[in-house]
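Chains A and B supply the protein sequences, listed in that same order.
Residues are numbered in the numbering used here as their position in the first sequence, beginning at 1, plus a constant of 27.
Residues are numbered in the numbering used here as their position in the second sequence, beginning at 1, plus a constant of 42.
Quick caveat, the hints were computed from the structure, so don't treat them as lab data.
Owing to the predicted nature of the structure, the values given are computational and were not obtained by experimental measurement.
The C-beta atom is built at its ideal place from N, Cα and C for all residues, glycine as well.
Fair warning: there could be bad hints in the mix.
[Said to hold, decoys possible] The list that follows gives simulated cross-link-like pairs (lysine to aspartate or glutamate, DMTMM-like), each with its CA atoms no further than 20 Å apart:
id, chain 1, residue 1, chain 2, residue 2
1, B, K521, B, E533
2, A, K205, B, D187
3, B, K233, B, E429
4, A, K288, B, E116
5, A, K137, B, E75
6, B, K400, B, E429
7, A, K137, A, E36
8, A, K205, B, D137
9, A, K205, B, E171
10, B, K239, B, D267
11, A, K288, B, D137
12, A, K205, B, D165
13, B, K366, B, E310
14, B, K366, B, E257
15, B, K233, B, D267
[Stated by the list, open to error] Here are some of the chain B residues that sit facing chain A, going by a computed Cβ distance under 10 Å:
id, residue
16, V97
17, P100
18, G103
19, N118
20, Y129
21, M138
22, G147
23, A196
[Said to hold, decoys possible] Here are some chain A residues the structure puts well away from chain B; computed CB gaps all over 12 Å:
id, residue
24, L37
25, S38
26, I62
27, I154
28, L170
29, G178
30, N229
Here is what each chain is made of, one letter per residue.
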Amino acid sequence: MVRIKPTRELSLAVLLAALIIFLSLTTNFNTVSGIYSFLLAASPTIVAAIALAMVIFTGNIDISAGTISGFVAFTTGYLFRAGVPMLLAALAGIVVGVALAGLNGLISVKFRVPSIVVTLAMTMVHIGAYATFLPGSGWVENLGPGFTWFGRGRLLGVIPYAFVVAMLVAVAMMWVAKYTRFGRSLYAVGGNAQAAVYSGINPDRTVIKVFFLEGALLGISAVMRATTRSEIMPSVFIGRELFFIAAALVGGVSIFGGVGKLSGVVLGSALVYLLTVTMIYLGFQDYYQFALQGTIILLAVFISSGDFSRLKRFLRPGTVGGTQ
Amino acid sequence: MENNTIMNITGVHKYFPGVHALSDVSLDLQRDEVHAVCGENGAGKSTLMKIIAGVYRPDDGLITLEGQPFVVHEPNEAYRKGIAIIYQESSLFPDMTVLENIFIGHEIRKPVLRGLRSPQMIDYRAMREKANAVFNRLGISVDLDRTVRTIGVATKQMIEIAKALSFDSRILILDEPTAALANREVDALFKTIRSLKSEGVSMLYISHRLDEIFEIADRVTVLRDGKHVATERVAATDRNQLVSWMVGRSLDNLYPKEDVEIGEVIFEAQSVSLRGVLEDISFNARRGEIVGISGLAGSGRTELALSLCGLVPPDSGTIKLNGKAVRIHSYREALEHGIAYVSEDRQVYGLVLPMTLKVNITHKAIRQITNLFSVINRGKEEQIAAEYMHRLAIKAPDSEFVVNKLSGGNQQKVSVAKSLAVEPEVLIVDEPTRGVDVGAKSELHRIISELAKSGKAIIMISSDLPEIIGMCDRTIVLKRGRKMGELLRNEMNQEQILHMAL
Chain A
28 MVRIKPTREL SLAVLLAALI IFLSLTTNFN TVSGIYSFLL AASPTIVAAI
78 ALAMVIFTGN IDISAGTISG FVAFTTGYLF RAGVPMLLAA LAGIVVGVAL
128 AGLNGLISVK FRVPSIVVTL AMTMVHIGAY ATFLPGSGWV ENLGPGFTWF
178 GRGRLLGVIP YAFVVAMLVA VAMMWVAKYT RFGRSLYAVG GNAQAAVYSG
228 INPDRTVIKV FFLEGALLGI SAVMRATTRS EIMPSVFIGR ELFFIAAALV
278 GGVSIFGGVG KLSGVVLGSA LVYLLTVTMI YLGFQDYYQF ALQGTIILLA
328 VFISSGDFSR LKRFLRPGTV GGTQ
Chain B
43 MENNTIMNIT GVHKYFPGVH ALSDVSLDLQ RDEVHAVCGE NGAGKSTLMK
93 IIAGVYRPDD GLITLEGQPF VVHEPNEAYR KGIAIIYQES SLFPDMTVLE
143 NIFIGHEIRK PVLRGLRSPQ MIDYRAMREK ANAVFNRLGI SVDLDRTVRT
193 IGVATKQMIE IAKALSFDSR ILILDEPTAA LANREVDALF KTIRSLKSEG
243 VSMLYISHRL DEIFEIADRV TVLRDGKHVA TERVAATDRN QLVSWMVGRS
293 LDNLYPKEDV EIGEVIFEAQ SVSLRGVLED ISFNARRGEI VGISGLAGSG
343 RTELALSLCG LVPPDSGTIK LNGKAVRIHS YREALEHGIA YVSEDRQVYG
393 LVLPMTLKVN ITHKAIRQIT NLFSVINRGK EEQIAAEYMH RLAIKAPDSE
443 FVVNKLSGGN QQKVSVAKSL AVEPEVLIVD EPTRGVDVGA KSELHRIISE
493 LAKSGKAIIM ISSDLPEIIG MCDRTIVLKR GRKMGELLRN EMNQEQILHM
543 AL
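So here's chain A without its partners, still in its complex pose:
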């Protein structure tokens, strides 16, 4: 029995397709290099948005995802520069991601501080640490092709390695979300923490675990992004979390937890990135891009949620009841 339900994933896919068709017709997007650069640029966001989405499923958030990525990139580049083999350097970077995100989770759970507070404070700590503790404020230059082979390499001359890895991560995490007890408990904790306890799930343990996992994924994402260039500046990662979170939300993840699909998050990430590409092709400057993207994200979340009742109520004056 085949029936097509008008799901959020479907509407996102349609939106994505429409945007690609628009770009191919009006610009030179539809070329090997256009597709290549789109896939390359979208890949780190896909992985990081999945990381954030899994945290958001539990009703938590990590505002410091951007600055953690900066530490990962710095560690990887710095060690590579110091002569550590690339693979080991990347691994060390990912370990730093795991440690920092894990710390967020531990603090939030052990001291009962909402994750938004912990990670907001951590973001500030991280930004301060960039300037004070990292040698040369974290600048690492002239890394060379031994560093960028992964970020710039292509499979069969077209598909970036980064995209291949992003898809592998996406499939693996979709599997985790659907076929493991840990994956199901993410939704349970975010959906109704009390009921989760009654079902024998330990919400604290689940939340700590998901932050560690998030750190690992952020690590992979940051290595992907860092290896596209021959120099590293951690501060470019400041604010990236906005895109990660936006991609997850556009992909249908509820900010309140308990709801969302990772397939939607992949599409959401692609959509957010495609918007950036569209802006560039249409010749908007940086700051316009930000403002327009924000507006479009708001609209996208609104439209794909399909809930217009509030708008209707808002437009029908005199029916907004007071509180009791």
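Assemble the complex: chain A is given as a structure, and chain B must be docked to it using the hints.
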């Protein structure tokens, strides 16, 4: 007798900060028995159940399961030992499917690869088969892929039972299972309970509703203030006996309706309509009178109340107070005209649970306690809070006490106090005694009677027919948003009201 005991609880104590929640409680559960546990809110029923389920650990005492000491540290452990609990508050996840809900936390798994140390993955097919088997046993069919949010209360309850049975439980604990069910649904639940009993499942059945205990239970244990009062075979006791055990005194009159001189018409609704919900509803209420609004769920009872007090202003119709038409388009205007509403859902709409009694009681009356610059006069605030705590006999240490620590009955009193503090002339109470115990129910009825006696007009919405019949001077019966008629006190009986409502 002894070898037929499946679970034995002896001398259990449980302390919470400042409260001795359970004091030396003992209880035994026999095989194939439905054992009712009753008591007022705050008597310790739920605490006891949560200890058995592994949510809390007892501070003292011994529990044995089939003669073996029974110690559990988390709910899953209790489940694995064959004890399942169906909580009063729904423990389902609204955004998950039926199937996911049944197996959350104990998913059936299989190895990813055929190997000894292979990681495990969830086996949806096996879960589906087991879920279908459980629903077959319950004699109902449910779409396993439906999101629970879209399912009615009664079916949700069945899903909770299915979840419990998916553990192959031998002991099932039901905590107020009928609180949200309609009569027909209760019958279906009882059928299920009986068939489970015949299959050898023992049940602990917690309820306020005495009728149910007499219908379904074999034995009953009464708790009061955390202490064991009595355990008796249901056949050997009666309603009055149970009530006196529960409250520690006998309740002569459950509905203390007083004879009150009825005055002039104060409130009048004329042709109130709300598109798709209410159609052309007119009625009035006089000083000293309690007017009931009766009808089935979905008949528009609550919607009528909301339109009368401006929370959902009607599309057409007039509201008159003392003969003069008034404009009520917001709840603020209703309050200014002396109409106050007590919501049916105190937890969601009635109270700000994490705040103090004082703040809650003076919430609506905020204008009476603030000066020209909207600064709160602490003395006045305290004075009003103290006055209503005293008048309604709210049991709390002081007015700084946080509302969510109060029992359901006391919370309801606070919810009523909040509306009384604005000194309304017309009080609309929606399901005033839902989910409160017998003692608090009777106190709330006494309060309502006294208000009527003091010359206010009371409009009381209730799905509890004995309450309507016992308390009201007159009742309006609604059916699908239309008024089917009015019954006077001497014309009211359950059959007559149902006849009009159905």
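**OP:** Please write out, lowest number first, the hints stated earlier that are contradicted by the structure.
**Re:** 3, 4, 5, 7, 10, 14, 15, 17, 18, 23, 30
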